[in-house]
Amino acid sequence: MQLSREELLRAYRQMKTIREFEERLHVEITTGEIAGFTHLYAGQEAVAVGVCENLNDSDYIISTHRGHGHCIAKGCDVKGMMKEIYGRKDGLCGGKGGSMHIADVSKGMLGANGIVGGGPPIALGAAMAAKIDGTGAVSVAFGGDGSCNQGTVFEAMNMAVVLQSPIIFVFENNGYSEHTGADYAVGSGDIAGRAAGFGMPAACGDGSDFFEVHAMTREAVERARDGGGPTTLEFKTTRFFGHFEGDPQRYRAKDEVKKHRETMDALKIFRDKVTKAKLLTKKAMDEIDAEVLKLIDEAVEEARAAPPPTPDDLLTDVYISYEGGIQ
Amino acid sequence: MQLSREELLRAYRQMKTIREFEERLHVEITTGEIAGFTHLYAGQEAVAVGVCENLNDSDYIISTHRGHGHCIAKGCDVKGMMKEIYGRKDGLCGGKGGSMHIADVSKGMLGANGIVGGGPPIALGAAMAAKIDGTGAVSVAFGGDGSCNQGTVFEAMNMAVVLQSPIIFVFENNGYSEHTGADYAVGSGDIAGRAAGFGMPAACGDGSDFFEVHAMTREAVERARDGGGPTTLEFKTTRFFGHFEGDPQRYRAKDEVKKHRETMDALKIFRDKVTKAKLLTKKAMDEIDAEVLKLIDEAVEEARAAPPPTPDDLLTDVYISYEGGIQ
Amino acid sequence: MAVKTYREALNEALHLEFERDENVVILGEDVSGGAGGTSGEREASGGIFGVSAGLLPRFGEARVIDTPISESNIVGAANGLALAGKRPIAELMFADFIGVSFDQIINQAAKFRYMFGGRTRCPVVIRTTYGTGMNAAAQHSQALYPVITHIPGIKVAIPSNPADAKGLLITAIRDDDPVMFFEHKALYGKKGEVPEGEYLVPFGKANILAEGDDVTIVAIGRMVHFAEKAMKTLAKDGIGVELIDPRTTSPLDEEAILDSVEKTGRLVVVDEANPRCSVARDIAAIVADKAFSSLRAPIKCVTAPHTPVPFARELEFAYTPSPDKIAAAAKATVEFAA
Amino acid sequence: MAVKTYREALNEALHLEFERDENVVILGEDVSGGAGGTSGEREASGGIFGVSAGLLPRFGEARVIDTPISESNIVGAANGLALAGKRPIAELMFADFIGVSFDQIINQAAKFRYMFGGRTRCPVVIRTTYGTGMNAAAQHSQALYPVITHIPGIKVAIPSNPADAKGLLITAIRDDDPVMFFEHKALYGKKGEVPEGEYLVPFGKANILAEGDDVTIVAIGRMVHFAEKAMKTLAKDGIGVELIDPRTTSPLDEEAILDSVEKTGRLVVVDEANPRCSVARDIAAIVADKAFSSLRAPIKCVTAPHTPVPFARELEFAYTPSPDKIAAAAKATVEFAA
Ligand SMILES: Cc1ncc(C[n+]2csc(CCOP(=O)(O)OP(=O)(O)O)c2C)c(N)n1
Ligand SMILES: Cc1ncc(C[n+]2csc(CCOP(=O)(O)OP(=O)(O)O)c2C)c(N)n1
Ligand SMILES: [Mg+2]
Ligand SMILES: [Mg+2]
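Going line by line, the protein sequences match chains A, B, C and D. Here the working numbering is used: the first residue of the first sequence is 1095, the next is one more, and so on. Here the working numbering is used: the first residue of the second sequence is 1095, the next is one more, and so on. Here the working numbering is used: the first residue of the third sequence is 5, the next is one more, and so on. Here the working numbering is used: the first residue of the fourth sequence is 5, the next is one more, and so on.
In case anyone wonders, no lab produced these hints; they're calculated from the structure. From the three backbone atoms N, C-alpha and C, an ideal C-beta is built for every residue, glycine too. There's no promise every hint is true.
Which residues of chain A face chain D? A few of them, derived with a C-beta cut under 10 Å, are [unchecked claim]: (1) Gly1188; (2) Pro1295; (3) Cys1298.
Just the calculated beta-carbon pair ranges, DEER-fashion [stated by the list, open to error]: (4) D:Glu266 x B:Asp1171: 28 to 34 Å; (5) B:Asp1171 x D:Glu23: 55 to 61 Å; (6) B:Thr1124 x C:Glu45: 53 to 59 Å; (7) A:Pro1405 x C:Arg24: 52 to 58 Å; (8) C:Thr42 x B:Arg1118: 51 to 57 Å; (9) D:Thr42 x A:Gly1321: 30 to 36 Å; (10) C:Ala214 x D:Glu259: 23 to 29 Å; (11) B:Gln1258 x C:His19: 29 to 35 Å; (12) A:Gly1228 x B:Gly1230: 38 to 44 Å; (13) D:Lys267 x C:Gly122: 45 to 51 Å.
Within a straight-line C-alpha distance of at most 20 Å, the following computed DMTMM-like cross-link-like pairs (lysine to aspartate or glutamate) qualify [as the list claims (entries may be wrong)]: (14) A:Lys1352 x D:Glu45; (15) C:Lys329 x B:Asp1406; (16) D:Lys329 x C:Asp293; (17) C:Lys189 x B:Asp1341.
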């Protein structure tokens, strides 16, 4: 399927926004202003965007600890996200969630999730809801190569096959779960192959190539919308930074990231393809780059200036109603 | 591999003991003397015995809620078991465990387990211990078709492949998990195939045929002892009774059990094979039958006469030592 | 009012709410039973204890969902259904299976709203069965509601009689927060008067079953019946009991308990769970803080001992708090001389 | 005695026990790190908090086992290793991951011995990290030890300082019962004197850090340090504090606490967990029963509120019990007029 110019521009803008959001956070974190654990998504942009460009607001996704990319790709407000990461009162989650729990259910974004393997069962439920209501919506569970060894994920796969739920399991195989190689932790070495054993279509693709991700996902989404049940997609990708900010990455060959930045940069690859095929001009993309940089600048500035929550906020949002109140 | 006469006689005795143990319990339970949930193993004897005749006391097995057969096959004392099921003080677990928790660690029998999917992770640990110590021992995790959908079981499979542990996952596919068909709950309909996707040898066999079970297990055990890692074996079988005693079995075709008793009776099949091949005489087996019936009679009688635990026993065996005592 | 069993009352609540709100769905192992199999009978069980009987024939497979044995995903999928606008009821056959689904209960359902800054709701009900009385041994008899009561973001309801079973379950289903609903296995056959039609029992409002001046007994779930028996014994000794059933342990009706202790000056809490970090001790501690000045005697907790649940009849009986032990504890508080 | 950090003390305990008993093994995610990957560096982390550093190079892959992300099997395999005669140490990176491994902790490890009538032992240690102080938010900051303390059959150790970290961990490893071992994330860098060589701290024996006549403060884990700060403030007001660190919550040294309250007549319990069914309330209830006659004031519990752990610095600070709140509670008990 040929993408329109507008679609291509939007995809590029989304990927660039993720990239700059993360590159900037990598710098800002060194100031000490950002608290907690931050896991950066840079390097994997083509997966989040290639998948989510097939979705609309009534579709669902659920994310992981490494959630910024999925949030942006699914349409979360970038400034609200930045404020959340800074722990501000008008952050997307009022400063209560932080980087690992950014969500916007109104956008079908059911949350980043700090529990590896926590998301797929929830995404399955959303898919079941879509099927019950016959909305044609689909649900996507993002996960890493490490997550695919968590029992909850296998259960979700089997149950999705049993119920023929419109769900797509997307595994971003960036080669590592924390400090352990996927070549060690995935016994069969083949995530998609394992999923196929569960009785669903499964395939593995290049996670640095937006077009490949987009096309493979399109097929899975169409099948799911048509009542064809679940699919698993594995995408080989890389992360440009450590597991979390501060990770010395002693498990990685010294020049690995440098090499991957040269050969697996989703933005470069996209630019090359669309300019070669004369689909977009360098200038159009440069303009987007400038706009994105400005947006990120503003987001950081506004976040830094925004007020933190007050101690009163501590006791709200636990329940919708609770007889006797919270103590 | 050809089995010796002695081996054949022992195998027959074991299967017959299981059968009569269960047939008798089915009757005794109606007296109301036996408390709790009792899940009978009758119909599946060839699996427990076909597997365990490949093992010795230094090998491990772990069982399920439907554990009597595995216990007997692994050498647990039959009278001690019966007393345990009757909740007697000198039952195998002092009356504290009951039918669902019979164990004899000294025999490598790590327990029946009331949690579906609870056993495989534990069996994996025992297999890891054997590998660390280089004893050549293997570990077998028994499970049903229902258990194979529990996340913990998939995790164990992957971890066993990663660590190349000497473990065999045996799935007794008796067609049902409680009141739900395996044809519904196992999405792919193929338990062994799913296991193969995890990167280990896997095969499916006839669970009513002792010889097939024995030979398939032998191969897997030899591989495991030689450092060849895990195997999954699925055996098609049937249960002659309900899920638990008292189950009206409305999910089963009216004549299913009757048919299965005719065509899938492990004892009949064994008798036919060994008499046809002139390996054992009818008479030799009839003698065993009589001995077994006597043993079961005695076991029931002794269990009925045995004293129950006293309230003092309530507070013992929680810990080996506990400063301040139990209250 | 009709006389119904606890099981029938729960079943009625389910039927009413399924009828009223098409967003209500139920999922779990054998909630209908008979999926697959050879009999062709599509509803083969209606729940292992029969509580969801009749739902499948009436409301269909889209809303009455049999699942594989995958508790993390029974609760997890319910969470996703709830986030997506449904009102799911997840069934855990035994409370002990909290073990294989704990993450989705405590780290997901209970925390979404807070983590997401109040911008979502997760109206999931997790129904389960608990308690001794069936000699189901260590892995099928636990109470475990103290563990859930500990967790902020989820509510805990524990009906002790058929009317409350109906009224609390309807309230739970309509509640916009996650609720864990503990049904006592040994109460399913218990009969009682149950109001007809729409009947809601509010959360956080204790039921004061008896008024009395000498000692307050707070009892939970099945223990309410044991406390009633103890009350009769105590009456013979002229001891007046104020008997309180909190109905929900989160939220907890502290006020009812504190008011009562202010009157009686004495407290016994009866909880069939293990003692450490139990609801019994929780309530005792609240009273030792907030009604200290009224207390005239040590606060007594009557609970199971710090042991797993044993199998044998004699042991399970010794394990479970009894009317005798409750009466003895109450008497001790009354006879206490400072 | 050398001055060491809490992390170093734990690491030393591991090295000593690995050296002493070849049955000791450790398993978990990244306990060494570097399995697979492209650097060829086989020990790439030594535990995400560095606690198991140096074990792999010294004791090898057979005993230092990196696992996939499969917590049920990390604990489950440890259980099997223990039943088969090993002394396994399972690492759960964060206590919150009890969520995905709860069954193997509460239904398996804690129950084997009882269910099997005393005819087995399961000497497993489950090490984990807990607590606030790193802004790790709702799913990476919980205390959760009350939930494990509730469960019979498992012991719970919570070291508050480097010496106890070493001494309790060695005791845990040698203990024949299952032990859950809670390390506070915010204490890893904390320094203190640590006895050299073999050093065991017994379970069930509280540490009395200070003697005083006016109020007993029982504090757990990191809260011991906050209570020490509060004690200094209170001293300025002439209030004498008896400060008790129970070190293990199961078994609990009731005697030390009761003896102290008999002397002081006042009790404050400080627990960083959520309040409901907490260790704080557990201890308060024990005292309200067994030392009732000595009590001169309401028992105060200083805990986190009934909310998940929030992310923002300001909120996490407000969430966590503070020296000020502890001092205020103690003062309230002293100023209480019946
Ligand atoms: C249940 C659980 N176990 C462990 C962790 C700690 N942890 C956080 S991220 C991570 C690695 C995840 O690897 P992967 O799924 O490949 O995702 P990636 O980090 O590569 O994006 C681990 C072990 C966790 N958060 N939750
Ligand atoms: C975690 C858990 N979930 C549910 C149950 C209730 N239960 C006991 S046996 C069983 C069915 C098991 O089916 P299968 O594994 O096929 O074994 P079978 O009964 O056929 O031997 C179920 C659902 C349980 N004991 N544990
Ligand atoms: Mg990864
Ligand atoms: Mg079965």
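Here is what the structure says about each hint:
The beta carbon of Gly1188 of chain A is positioned within 10 Å of a beta carbon in chain D (closest approach about 8 Å), and the interface hint is therefore held. Restraint check, Pro1295 of chain A versus chain D: the minimum CB separation of about 25 Å is more than 10 Å; hint violated. Of the supplied interface hints, the one on Cys1298 of chain A is violated, with its beta-carbon coming no nearer than about 18 Å to a beta-carbon of chain D, more than 10 Å. Remark: the range hint 28 to 34 Å for Glu266 of chain D to Asp1171 of chain B is contradicted by a beta-carbon distance near 52 Å.
A hinted range of 55 to 61 Å for the beta carbons of Asp1171 of chain B and Glu23 of chain D is inconsistent with their spacing of about 40 Å. With their beta carbons about 25 Å apart, Thr1124 of chain B and Glu45 of chain C fall outside the hinted range of 53 to 59 Å. The supplied range of 52 to 58 Å is broken by Pro1405 of chain A and Arg24 of chain C, whose beta-carbon atoms lie about 41 Å from each other. Judged by the Cβ atoms, the range 51 to 57 Å given for Thr42 of chain C and Arg1118 of chain B is violated: they are separated by roughly 27 Å.
Against the hinted window of 30 to 36 Å, the Cβ-Cβ separation of Thr42 of chain D and Gly1321 of chain A comes to about 43 Å, which falls outside the hint. Taken as a hint, the range 23 to 29 Å is violated for the pair Ala214 of chain C and Glu259 of chain D, whose Cβ atoms sit roughly 37 Å apart. For the pair Gln1258 of chain B and His19 of chain C, the supplied restraint of 29 to 35 Å is violated, since their beta-carbon distance comes to about 53 Å. At roughly 58 Å, the beta-carbon separation of Gly1228 of chain A and Gly1230 of chain B lies outside the given 38 to 44 Å, and the hint is violated.
Against the hinted window of 45 to 51 Å, the Cβ-Cβ separation of Lys267 of chain D and Gly122 of chain C comes to about 47 Å, which satisfies the hint. Restraint check for Lys1352 of chain A and Glu45 of chain D: satisfied, since their Cα atoms lie roughly 18 Å apart, inside the 20 Å limit. Distance check on the hinted pair: Lys329 of chain C and Asp1406 of chain B sit about 16 Å apart at the alpha-carbon level, within 20 Å; holds. Restraint check: the Cα-Cα separation between Lys329 of chain D and Asp293 of chain C comes to about 16 Å, which is no more than 20 Å; the hinted pair holds.
Between the alpha carbons of Lys189 of chain C and Asp1341 of chain B the distance comes to roughly 17 Å, so the proposed pair stays at or under 20 Å and holds.
In summary, the numbered hints that this structure violates are 2, 3, 4, 5, 6, 7, 8, 9, 10, 11, 12.
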